[in-house]
Amino acid sequence: MSAEPMNPSATRRDWTITMPVALLLLAAALASGMAVPMMIASSLLLSLALQAIIEAIFATSVGILIKQNGRISFGQAGFYGAAAYIAALVVERELASPELAIVLALVIPTALAFVLGLLIVKIPGIAFAMVTLAIGQALYEVAYKWRPVTNGDDGLAFSLPDTVFFLDSDIFLSPASMFIVCWCVFVLILFGYAWLSKSPFGQLTEAIRDNPERAQFIGYSITLPRALIYAFAAFVAACAGVLFSLYNGFVSPSIAHWSFSGAGLIMAIIGGPRLIWGPALGAIVYFWIKEVAGDYSDAWPAFVGAILIAVTLLIPSGFGGLLVSLFDRVRRR
Amino acid sequence: MLIQVLNGIVYGGLLYLMAVGLVLIFGLREIGNFAHGALFMVGAYVAYTFSGSYWLGAIFAFLILAAMGVVLDAGVFRPLRRQDHMITILVTFGILLVLEAGVTLVFGKDIRSVPAPALLSGTVNLGGSLFPAYRLFVIAVSFSVAIGLSLWLRYTRTGLYVRAACVDPTTTAVQGVDTDRLSLLVVGLGAALAGLAGAVAAPLVAVSPSMGAFIVIESFIVVVIGGLGSFGGAFVAAMLIGQIHNFGVIYIPWAATTFPFLLMMGVLIWRPTGFAGRRI
Chain A
184 MSAEPMNPSA
194 TRRDWTITMP
204 VALLLLAAAL
214 ASGMAVPMMI
224 ASSLLLSLAL
234 QAIIEAIFAT
244 SVGILIKQNG
254 RISFGQAGFY
264 GAAAYIAALV
274 VERELASPEL
284 AIVLALVIPT
294 ALAFVLGLLI
304 VKIPGIAFAM
314 VTLAIGQALY
324 EVAYKWRPVT
334 NGDDGLAFSL
344 PDTVFFLDSD
354 IFLSPASMFI
364 VCWCVFVLIL
374 FGYAWLSKSP
384 FGQLTEAIRD
394 NPERAQFIGY
404 SITLPRALIY
414 AFAAFVAACA
424 GVLFSLYNGF
434 VSPSIAHWSF
444 SGAGLIMAII
454 GGPRLIWGPA
464 LGAIVYFWIK
474 EVAGDYSDAW
484 PAFVGAILIA
494 VTLLIPSGFG
504 GLLVSLFDRV
514 RRR
Chain B
347 MLIQVLNGIV
357 YGGLLYLMAV
367 GLVLIFGLRE
377 IGNFAHGALF
387 MVGAYVAYTF
397 SGSYWLGAIF
407 AFLILAAMGV
417 VLDAGVFRPL
427 RRQDHMITIL
437 VTFGILLVLE
447 AGVTLVFGKD
457 IRSVPAPALL
467 SGTVNLGGSL
477 FPAYRLFVIA
487 VSFSVAIGLS
497 LWLRYTRTGL
507 YVRAACVDPT
517 TTAVQGVDTD
527 RLSLLVVGLG
537 AALAGLAGAV
547 AAPLVAVSPS
557 MGAFIVIESF
567 IVVVIGGLGS
577 FGGAFVAAML
587 IGQIHNFGVI
597 YIPWAATTFP
607 FLLMMGVLIW
617 RPTGFAGRRI
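If you read the sequences in order, they're chains A and B.
Under my numbering, the very last position in the first sequence is 516; numbers go up by exactly one each time.
Under my numbering, the very last position in the second sequence is 626; numbers go up by exactly one each time.
Among the hints, erroneous ones may be present.
Just so you have them, the derived chain A footprint on chain B, three or more residues with Cβ under 8 Å [stated by the list, open to error]: (1) 444-454; (2) 565-578; (3) 598-606.
Think of the hints as simulated: they come from the structure by calculation, not from any bench.
Where a beta carbon is used, it is the ideal one built from N, C-alpha and C, also for glycine.
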């Protein structure tokens, strides 16, 4: 990965996308998602698709840390799970209105990640991965062991009141409408992430990623921007967690387990973490491998592991990077 | 009270066997071995396979894992030594998945148990309270490894080379030490200790393909607290975490597993390189 140019777009002709074009693209992306449930009648298929989208959002969260901070996290499922649990707990115990529950479920993990980020972003690669693993597992253990509150391994079921955000809460339960909700969140996150990545702040974090000493020497704080990225990544994971929680109406500790963090990492890597949409592509590939290889054998993780090793060593830019270079080759003809 | 402290030392000893392997591998190869928990698990399954004779199982766990370590070093770590840390983390994570799935394929997902050897199945009377003899044996194993390892590192030529290579592999190589051969030995030893830890832990825990996860996470915490690359730090931190874990489980079970984590965060704030370490 170190031999690769850090920012693949810099080596190609940069397409400058102006604001109106971006907004047009955004509108088109949102609209195309709305059309999908009209074309696909099978609610099973839609349900699978919306779960894939939630995992794509989650994978994007892992990808943000890799692209902007150059760091691997083994603990993003902790924030995903925390958000899902907070939403579930607040609604089930009627501690606050469901709207507030959703806001809290997004804000608390983000704030937690920001505070933790201030402490840990300076830690170099290997130790950072270990520390995030410990953070994720600590959150998992809280869900698993704090029985009086979280119900432990049995999980926590809840039902939404009739209306949420002035909308009929059935919207979050029926696959057709929930698909649109997830799709819109996903598209907004990707656009927000693309904008952030292009912004001066995004460029600054990439500069810190490539050479922290020099960035510090120029006069930038190298802790705060990276902590903000860590918080942003946690926010994205929290969005995925809330969507999961709303759709399923049930949370259990397994969603915060480190193996899910690992799955998110694999998705990001095989899809291409240096691309905005790479991790999402990886999530779809992963989902597909799980469905296909899972039918043949219980040992499908071995297959995933082998693919992870192969992609890491042979195509460090991931399947997404492969697509981009193919596309470039065709265009140059 | 004494019993609780001893139980903590048992767990700390296992953590030490794991952590010191991680430190050895990191020292020579600058690789954070995320597959270390899988090596622990394979060690336990080797002991299960030989459960007719416990001693044979433990010896084979050590030897087979040593061989795996040598293969791992020659086949994976050496080619990757100039690569980014990120790549080695991902590749060792991939190896973890492959090993776990491989063991699942052979032995299934069911939980297995390994009996303690007949010789040590009794209890020992320690000042009025009974303590399983096998647990004392675990303590003895980890302490012997700790003592043997420090003597080896301090008083032999190879030990000197290992310490030198941990500080600066390049300069050590320039001085005429074959660091690649050294690293075969050291990674083999690190893996063998993980296998030994797995075999020794097998009678105490439920043996399953995912059993490596719990211990490897706390081993990582130990390594971070002790300072990545510090052998003495690993021992002190392992004993500390062993006690904290154990007392936590008894008195505040629901929060027990977060204490080592909180300690780690505390250490990171107080001394970002760990107790003993220069580098992390």
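Structure-based check of all given hints:
1. 444-454: n = 6 at 8 Å, threshold three: holds.
2. 565-578: Coverage by chain A holds for the segment 565-578 of chain B (5 residues, Cβ < 8 Å).
3. 598-606: holds (count 7)
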